[in-house]
Amino acid sequence: MRVVYLDNNATSAVAPEVFEAMKPYLTEEYGNPSSMHTFGGKIRKNIDSARASVASLLGANDINEIIFTSCGTESDNTAIIGTLRSYPDKKHVITTKVEHPAVLSLCKYLETQGYRITYLDVNSDGLLDLNELKSAIDYDTALISIMHANNETGVLFPIEEIAEIARLRGVVYHTDAVQSVGKINLDMKKIPVDLLSLSGHKLHAPKGVAALYVRKGTRFSPFLIGGHQEQGRRGGTENVASIVGLGTACELARKNIIEENARVKNLRDKLENGILEKISNVRVNGDKEKRLPNTTNIGFEFIEGESILLKLDEKGIAASSGSACTSGSLMPSHVLRAMGIPFTFIQGSIRFSLSRYNREEDIDYTLEHLPSIIKLLRSISPYGK
Amino acid sequence: MWDYTDKVKEFFKNPRNVGEIENPDAVGEVGSIICGDALKLTLRIDKKTEKIIDAKFKTFGCASAIASSSALTEIIKGMTLADASKVTNQDIADYLGGLPEEKMHCSVMGMEALEAAIANYRGAPIKKEMVGEEKIICKCFSVTDQKIIRAIKENNLKTVDEVTHYTKAGGGCGKCKPEIQKLLNEFWEKEETKVIAHKEEPRKKKLTNLERISLIKETMEREIRPQLKADGGDVELVDVDRNKVYVKFLGVCLGCPSAGVTLKELVEAKLREFIDSEIEVEEVKG
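Line order of the protein sequences matches chains D and X. The letter at position 129 of the first sequence is residue 129 when you use this note's numbering, and the numbering goes up by one with no holes. Add 1000 to a position in the second sequence, counting from 1, and you land on the number used in this note's numbering.
Careful: at least some of the hints might be erroneous.
Ranges of calculated distance between the beta carbons of each label pair, as one might list FRET restraints [to be verified]:
1. X:LYS1007 with D:LEU26: 39 to 47 Å
2. X:SER1032 with D:SER56: 46 to 54 Å
3. D:TYR119 with X:ILE1126: 35 to 43 Å
4. X:GLU1101 with D:LYS97: 26 to 34 Å
5. X:VAL1252 with D:GLY226: 38 to 46 Å
6. X:GLU1101 with D:TYR109: 23 to 31 Å
7. X:GLU1280 with D:PRO342: 49 to 57 Å
8. D:ILE81 with X:CYS1256: 27 to 35 Å
9. X:GLU1101 with D:GLY232: 43 to 51 Å
Under the rule of at most 27 Å between Cα atoms (straight-line distance), these lysine-lysine pairs were calculated in the DSSO-like manner [stated by the list, open to error]:
10. X:LYS1264 with X:LYS1285
11. D:LYS97 with X:LYS1229
12. D:LYS207 with D:LYS265
13. D:LYS97 with X:LYS1175
14. X:LYS1175 with D:LYS108
15. X:LYS1086 with X:LYS1158
16. D:LYS97 with X:LYS1139
17. D:LYS216 with D:LYS90
18. D:LYS91 with X:LYS1229
19. D:LYS108 with D:LYS207
20. X:LYS1007 with D:LYS315
21. X:LYS1013 with D:LYS315
22. D:LYS91 with X:LYS1175
23. D:LYS90 with X:LYS1229
24. X:LYS1139 with D:LYS108
25. X:LYS1009 with D:LYS375
26. X:LYS1007 with D:LYS375
27. X:LYS1190 with X:LYS1175
28. X:LYS1190 with X:LYS1086
29. D:LYS23 with D:LYS207
30. D:LYS108 with X:LYS1182
31. X:LYS1206 with X:LYS1244
32. D:LYS375 with X:LYS1013
33. D:LYS278 with X:LYS1013
34. D:LYS265 with D:LYS189
35. D:LYS108 with D:LYS90
36. D:LYS108 with X:LYS1229
37. X:LYS1048 with X:LYS1086
38. X:LYS1009 with D:LYS315
Rather than coming from a laboratory, the hints here were simulated on the basis of the structure. Even glycine gets a Cβ: it sits at the ideal position worked out from N, Cα and C.
My request is simple: use the sequences and hints to build the entire structure.
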């Protein structure tokens, strides 16, 4: 059956070039880069060239500002726990209500460990009020952790301004940029964030590899304590093949980022506008301007997200939803609730997230089938018109 | 991804009896869009025989909610009201070859709509109204104590998680979980006494002082402190003197107006449940 994959914020296809680059390290080049012998030791330079690609995509000053980790969650945990360990006297963290669980659940846990957490609100477009951030900072604040792009809505927070505020007040700033790296330009020379998380599988590298950017001069304490790998900042034998894959993916992203911002954005806009045109009682959730080029989150009133997803699935279309039935709990998306979106729209919210592998036919196919799916489910719903 | 049976998938794909009967003889409405699922059931009933001639549904909800509603209409068509009133949520789930545990509330919704419709036929309003003695336990999903107790009884539920799967209660902010636990405790204690009343009161093994104290400590660690900690409170054991247990509240329990209730209904109840029905708990202040 035809597969139209519109769930790239969940995970993305491994680029063929990435797979090819990885192959030798899953077959004949199996050495351990920490070994003294040539067979293993020579692999060190491949890890460092991957490190250089990641650094280059981020515009980092020094390749050693990049630490490889196993996933976005590990990068986030490392940044947060590492910073708090480095400032043992400070017990306050500022974050937002719409972070990914990798940050939010950790903050909830920290609350049980004697930390005070400020969760900043967002408005109905999903945007922050930076005055609230400024007034939340106090003598006890160890860290600000505010994401770059929201995974559900694609809404972008102004990390440059946030980083400036943090720098002026002398507070460490971490941003979870897992959704934005590779999709929009990020230049660490211009944006003074201290710590930044990115994840391989969101930008066409495999799952199981990620990175944390640590600006030179940032206090840091390792999260995984073990061997001397990653200059003693992350113990554990390197996931060589995947790290090489991440390097290649970052190189590709750097070359493709302009296309991502033009062609992918056009496809996203075509999908969004098509839906708004063809289907009544729908709304776009989140600010339409300050947003990733690949994401749209749309609420279909009077029907429930899981039903929509399963009907799309019958047609081979993959997307995701913020409804209660799909969130793994009984409450719908914490992001859409924080935005104060009416429940009639939240329960029927669908996220479509594209990538450079989507073609115009994918959008046409989706626009061909979606209206009848919505119509059918509304005919079953007691609230339907 | 939910693990639905082929029958659930089939009933979602091709739902039977979608729609609304014009000028129906009975209507039952349950749920709301905020809660995540809602069902409107309309029936055509033969006045003489009280047989359900036709049943139609409209459902807002996930695949299992739509499948459960559709299954319900298939089950009850042709039944007399007397027989239909015996249909349980388990019957609906069984008809579909089972539902994932977390989705059992969909079958409960079907049963409730049917009850509401039958009551409506007998003269009650379309939407079930709360009876005076009912109390809302779960504010997120407006679930009453009566509904929880009934689900416990009919489905033999033992844990708070199970209650959440069947009724949604406790699935939102989670603040009512201690109250659900209390309802479970009360229900099962009553059941136990019913069973025990028929038998000789089993003699409990006599404990040494040391055994008794460590059992009290263990029970507090396992049964009591986690519940209080979840709400930002805590309790510590100060002393034990035969049947008297002295404890001290900590955290938000300190000065909490319902600390007295917690003392009796949680701390004392648990210690009585696990150790000795004679135990009395007293709070030590300061």
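**Q.** 27 Å limit on alpha-carbon distance, applied to hinted pair LYS91 of chain D and LYS1229 of chain X
**A.** 20 Å, holds
Q: For the pair we were handed, LYS108 of chain D and LYS1182 of chain X, check the Cα-Cα distance against 27 Å.
A: Given that 27 Å is the threshold and the Cα spacing comes to 26 Å, the pair holds.
Q) Between LYS1013 of chain X and LYS315 of chain D, does the CA-CA distance stay at or below 27 Å? A) 12 Å, holds
Q) Is 23 to 31 Å right for how far apart the beta carbons of GLU1101 of chain X and TYR109 of chain D are? A) Given a distance of about 26 Å, which is inside 23 to 31 Å, the answer is holds.
Q.
Please check whether GLU1101 of chain X and LYS97 of chain D have a Cβ separation lying inside 26 to 34 Å.
A. At 30 Å between Cβs, range holds.
Q) Between SER1032 of chain X and SER56 of chain D, does the beta-carbon spacing fit 46 to 54 Å? A) Because 53 Å falls inside the window, the suggested range holds.
Q. CA of LYS375 of chain D to CA of LYS1013 of chain X, is that 27 Å or under?
A. 14 Å, holds
Q: Decide if the proposed pair is consistent with the structure: LYS97 of chain D and LYS1139 of chain X, CA atoms, cutoff 27 Å inclusive.
A: 22 Å, holds
Q.
Between the alpha carbons of LYS1048 of chain X and LYS1086 of chain X, is the straight-line distance 27 Å or under?
A. 20 Å, holds
Q: Could you grab the alpha-carbon distance between LYS1009 of chain X and LYS375 of chain D and see if it respects the 27 Å cut-off?
A: 19 Å, holds
Q | Restraint check for LYS216 of chain D with LYS90 of chain D, where alpha carbons must lie at most 27 Å apart | A | This hinted pair holds, its Cα atoms lying about 21 Å apart.
Q | Agreement of LYS23 of chain D and LYS207 of chain D with the hint, judged by alpha carbon distance not exceeding 27 Å | A | Answer holds: LYS23 of chain D to LYS207 of chain D is near 15 Å, not above 27 Å.
Hint violations for this structure: none, all hints satisfied.
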